[in-house]
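Asks: Sequence:
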Amino acid sequence: MRLTELFMRLLLLLQEDIHRLSIISSSLNLAARRSVNEVLCHGIPDARKLEDGDIVKVDITVYYKGVHSDLNETYFVGNVDEEFRKLVKCSYECRRRQYPLVV
Numbered sequence: 002m003r004l005t006e007l008f009m010r011l012l013l014l015l016q017e018d019i020h021r022l023s024i025i026s027s028s029l030n031l032a033a034r035r036s037v038n039e040v041l042c043h044g045i046p047d048a049r050k051l052e053d054g055d056i057v058k059v060d061i062t063v064y065y066k067g068v069h070s071d072l073n074e075t076y077f078v079g080n081v082d083e084e085f086r087k088l089v090k091c092s093y094e095c096r097r098r099q100y101p102l103v104v
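Mapping the sequence shown onto our numbering, position 21 (from 1) lands on 22, and the numbers just tick up by one.
Because the hints were derived from the structure by calculation, they are not lab data.
Note that beta-carbon positions come from the ideal geometry of N, C-alpha and C, so glycine has one too.
Check the hints yourself; a few may be wrong.
[To be verified] In silico SDA-like pairs for lysine to any residue, Cα to Cα no more than 20 Å straight-line:
1. K58 - A48
2. K87 - D71
3. K58 - V103
4. K58 - E6
5. K50 - K87
6. K90 - L41
7. K50 - G67
8. K87 - V103
9. K90 - D53
10. K58 - N73
11. K50 - T75
12. K90 - Y100
13. K50 - N38
14. K90 - E74
15. K90 - N80
16. K87 - V57
[Unchecked claim] Just the calculated beta-carbon pair ranges, DEER-fashion:
17. K66 - R86: 13 to 23 Å
18. K50 - E17: 32 to 42 Å
19. L14 - E84: 29 to 39 Å
20. Y100 - E6: 11 to 21 Å
21. T75 - D18: 28 to 38 Å
Let the sequences and hints guide you as you build the complete structure.
Replies: Following this line, the structure appears as structure tokens:
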């Protein structure tokens with residue numbers, strides 16, 4: 002099974018679990034989405050095959066018991082350029098440092 006097919010299957014399973022638990026998707030009735038490379042998060046998934054060097058953002062957005070929740074995570078596919086790895090690492094560090102400011 003190709004990586005893209007596996008990834009899309011995992012997103013569909015997650016989507017099924019979210020609906021089974023009576024959790025509502027916050028937008029477009031899609032609780033789980035993926036965006037590749039320069040595509041912004043919250044994008045609508047397409048059939049594009051993942052390739053070596055891709056950067057994939059997985060976004061999960063749900064509404065449950067009056068609360069909207071949003072989680073976004075970034076994954077590397079194969080050999081990603083070091084410059085992009087540093088950019089993602091810097092983004093994670095910025096996010097980590099801001100948590101104490103908003104809690």
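Asks: Take the hints in turn and mark each one as holding or not.
Replies: To see whether the hints hold, each was checked on the structure:
no.: 1; hint: K58 - A48; in the structure: 15 Å, holds
no.: 2; hint: K87 - D71; in the structure: 24 Å, violated
no.: 3; hint: K58 - V103; in the structure: 23 Å, violated
no.: 4; hint: K58 - E6; in the structure: 16 Å, holds
no.: 5; hint: K50 - K87; in the structure: 24 Å, violated
no.: 6; hint: K90 - L41; in the structure: 17 Å, holds
no.: 7; hint: K50 - G67; in the structure: 36 Å, violated
no.: 8; hint: K87 - V103; in the structure: 25 Å, violated
no.: 9; hint: K90 - D53; in the structure: 19 Å, holds
no.: 10; hint: K58 - N73; in the structure: 7 Å, holds
no.: 11; hint: K50 - T75; in the structure: 17 Å, holds
no.: 12; hint: K90 - Y100; in the structure: 16 Å, holds
no.: 13; hint: K50 - N38; in the structure: 12 Å, holds
no.: 14; hint: K90 - E74; in the structure: 12 Å, holds
no.: 15; hint: K90 - N80; in the structure: 15 Å, holds
no.: 16; hint: K87 - V57; in the structure: 15 Å, holds
no.: 17; hint: K66 - R86: 13 to 23 Å; in the structure: 38 Å, violated
no.: 18; hint: K50 - E17: 32 to 42 Å; in the structure: 23 Å, violated
no.: 19; hint: L14 - E84: 29 to 39 Å; in the structure: 34 Å, holds
no.: 20; hint: Y100 - E6: 11 to 21 Å; in the structure: 35 Å, violated
no.: 21; hint: T75 - D18: 28 to 38 Å; in the structure: 22 Å, violated
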